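Using the sequences and the accompanying hints, generate a full structural model.
If you read the sequences in order, they're chains P and V.
Note that the UniProt record's numbering has the first sequence beginning at 1, numbered continuously upward.
Note that the UniProt record's numbering has the second sequence beginning at 1, numbered continuously upward.
Heads up, some of the hints might be wrong.
Just a sample of chain V residues kept apart from chain P, beta carbon distances all over 10 angstroms, derived [stated by the list, open to error]: (1) Ser120; (2) Asp502; (3) Ser538.
The calculated lysine to any residue pairs, modelled on SDA-like cross-linking and capped at a C-alpha distance of 20 angstroms, are [as the list claims (entries may be wrong)]: (4) V:Lys70 with V:Lys112; (5) V:Lys66 with P:Leu46; (6) V:Lys70 with V:Asp80; (7) V:Lys4 with P:Ile311; (8) P:Lys306 with V:Lys107; (9) V:Lys187 with P:Arg330; (10) V:Lys107 with P:Asp52; (11) P:Lys34 with P:Asp84; (12) P:Lys298 with P:Ser353; (13) V:Lys187 with P:Met332; (14) V:Lys51 with V:Glu77; (15) P:Lys392 with V:Val48.
Bear in mind the hints are in silico, worked out from the structure with no lab data behind them.
Since the structure is predicted, the reported quantities are computational estimates derived from the model, not experimental observations.
Note that CB positions come from ideal geometry on N, CA and C, so glycine has one too.
Residues per chain are reported as follows:
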Amino acid sequence: MAISLLNPKAEVARAAQALAINISAAKGIQDVMKSNLGPKGTVKMLVSGAGDIKITKDGNVLLHEMQIQHPTASLIARASTAQDDSTGDGTTSTVLVIGELLKQADIYIAEGLHPRILAEGFDQARTKALEVLDKIKIPVEINKENLTDVCRTSLRTKVHQKLADLLTDVCVDAVLALKQGDKPIDLHMIELMEMQHKTETDTSLIRGNISTKIIIANAGLVLDHGSRHPDMPKSLRNCYILTCNVSLEYEKSEVNSGFFYKTAEEREKMVVAEREFIDQRVRKIIALKKSLCDGKDKTFVVINQKGIDPISLDMLAKEGIMALRRAKRRNMERLALACGGDAVNSFDDLSESCLGYAGHVYEHVLGENKYTFVEECKVPQSVTILMKGPNKHTLIQIKDAIRDGLRAINNTIEDKALIPGAGAFEVTANKELLKFKDTVKGKVRLGIAAYAEALLGIPKTLAVNSGFDVQDTIVKLQEESRLSPDPIGLDLTSGEPIVPKDLGIFDNYIVKKQIINSCTIIASNLLLVDEIMRAGMSSLKG
Amino acid sequence: MNSKGILTLQFGHYSNFIGTHWWNIQEQGFDYTSHSEIDHDVLYREGVTNKHGVTFTPRLLLVDLKGSLKHLPERGELYDEPPKPTKSDVNWDSDLVEIEGVSGNNKNQFLKDLENPEESHKVLTKTYDLEKDVTVWSDFLYSRFHPRTVTVINEYQHENEHTPFDAFPLGKDLWNSSSFEDDFSNKIRSYVEECDYFQGFHLLSDCTDAFSGLSAGCMEHLEDDYCRKSILAFPVVPSFFPDSKFETKEQQCHAIINESVRVLNLALSFNAFNAHSSLFVPLCMGSKGWRQPGPKNEFNHTVYDSELAYHSSAILAAALDTFTLKHRLKSSSFSLVDLCADLSHNGRKAAAASLCMPFSFNVDANLLECLDNWEGPLTKSITPNCTIGSDRLMQYVILRGIREDRLKQQADRAEKQRNLPAYKCDSITEMLSLYLSYSTHATINNVTVVRKPLDVKTPFPRIFDEFIGQAGYVGATPRPGHINVESVPVMAGLHSGSGVGDMLESLYTEARRIKYPRFHQFINAGIDKDEYEACLESLLTLRENYMDNYYI
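Encoded structure:
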């Protein structure tokens, strides 16, 4: 072996031993994650040594928290991360399916089947499973009802049912507000804003299952800062909104620095001249405000991406203009979408057409944080979801859930189709694959059988997590599936077979597709590994 | 909030060591009276907690890897009580919630005392065995942070050999991952938004590992979004790497490879600093910096262990606190822009720093006598591979902790001193300027004098020898054992001159020698050979800016 000649210290594991390492690792992380799957799975609360809390049920987050050192396990973890990046859901399922595939493979390999034949079977099974997926997918119209169904299914696996239903409405409303014809939706146009309220007073008011109140600022935007001048108005109605990216802040120029000016007077003169330049900009804003608002029932708000210094703020405040500095870049886009108008980069040709409009702009102060609400906009194509919670970790948990919900809705809009949930796809694919197996000649069919069995891992785990007998449930499901023309899923409250479509339980097409593809590839690759080497850094890096 | 705020950014573990010392030093020296020379509002901010408590916390953002904070909660303890893990706020059936805790870290005695209201006021004068107790920077953290301050990188773990965070492009990629950039740039924005006259950024970054890439990404962002604000950057190199203590042949190979990786990171990061900062000043307590940190920088009357990050970072923090004083004074309108502009003429973006700690000043001496007897340069370079020299420089020198009444002998007892030309000087600034103008050639000197010495009470390490007294002056007899040094006079400087060019040349030569294609972790992460070559070329161009023989 070449490597052991070059580096006698390299650790090598071969053939059966290598496979055993891979399989046990895959099974190992499958065991850790199993209990988290589905609406009856457990939630983990991770407490760090310093007392930081993280609440999660998401397979991907857990994998990262576990700090996996094992190379095989980290390969699986990466597949699950990829799943999260591309679809936002199904991370736990990915781990479970890979684990299950290897577990089934292990049985056959123990009987002497060559891994390559298994891998080939897996590949054929994958093609077939994708066919089944296409067959059972239900083309849907994009309407509130359908989106609500898929979003609710996804969210109920992340947060408590009551909260999930509330969040579902919020997410669906947000996406529908943004949707314009067939144009793809930019989820960045939905701002998620956290507001942590005073612990003692507020929690006592809203204890119970939902310790969080969520408001959707549907008609506009919430900015996480306010005006920085004591005399500026705190609330305005009928506002023109000027969004701009122009510095209103005097900055010393470099020629004006240290070594070159010996006396303070000399410097002051320079400063005054340079200051005038900024003042002119401010006067332009004031002139526009005067021409538009004076004598009418209109007010003026400036939202600037650059800075505004106290002198400029003072000039604006005297005119009753509300001015915000250092707005988030993305909020500039959002403001243009929500209020109309354009963000201007210079004040050279400032006119009414650049301005947006909002019915009500007001400030809200919470501790040292200020928030500015921009509401009653002309064309609300941008939305802020405001989350209130008593502590950071709950807020983060809700934020994660909302993100996933939004992704689920967006996936549906892009797929224009849904898959019946509650394990229906797995049960159906199992049935179809077993049929397909009989048409295939040779040992490859064993690979297909293993694949079919592995898919059942999902409904099995769902059953275990809900406290039902596995064999009982699976037999019932398979029987019912044979008789019924519709895909059959598992009712987690009764343990009986159901038609998920009738109950509005749906999954995303793209999520399932991605799971089938990536799990098959990872599992096959792991099976085909016949040697694992761990060599010192000196031989690999140098 | 009417002052000229500066936002400090710290990237990496060693930078955080330095930063921790720096904030500790400042908080010990807080002077709430109106005649304080230093304007604390420049680096600190006033805030209000949700319970209406007023806070005064560093205007600071720091980044470190997961697992490096030990007992310090990410959001600090100042604003929220550390939350109790209760199942009821999980939003899930509470019988389906599992609580998984990592075993709590034991706090050291210093931190325990700090928490205890009865002990906390004594902490500054008590003696602890921090040399042994300190493994991470939060072990000796005296300041308390705003909840926004700490950012933890969850993707990589502290001191993890399997997935090390060791290559420039890894940091760059991390910055570009949308969640990190969004979150971090939003934190920057929140700090900047609240400042009325924002000056710019102090940026400390480890530049031997992937934090260099992270800070490079951050600087690009700062340049885009805060285009006219200055960025004063301090790339830092630890003075000791554990892998340099090898025993076996294999460990030696390991060490050599790691050294090369560090040089690559340094080269790439210096290039980034050159492109995006207003001025950068590399700092290291080893005199060489690369490939090995080299022999440690020695100071008179100072005994320290360069293998302890706790020690070496304290000295760098003292320097940092001193040479940034000029733009933090209440009395002057000198700002960060001025400093950066003055020291970076002709594209000389790199500068050197120097330090003399303690500034050797006898208990009964005066400055005239002290300078008259001084041998060699006043300060020593703390920039690796850089001899500052005394020829054709632009330099800022700051002296703190010497009172004006110690300037010279009184006229009636002056004797020989009267004959010296320096006897005519009426202030320390004047005398020091005079001294510098005689001891340097073709140099622009700028001297700043601050009354306040550097506070070195616990948790600053006890690194001064027995001849340094309580107030930091050199005595003839050893200081009694029960008395500790509480403050010291310090001199520090920032210099731009041809010596900096030599530093760049040495880095260029080292980086040139490395066979880049063998370092697949850099290439895989997207910096190919051509890009690396381009980086070396621009280092060379920067180096040429320091060649002044062309003009003569």
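Problem set entry | Non-conforming hints, listed in increasing numerical order | Violated hint (a single one): 8; every other hint is consistent with the structure.
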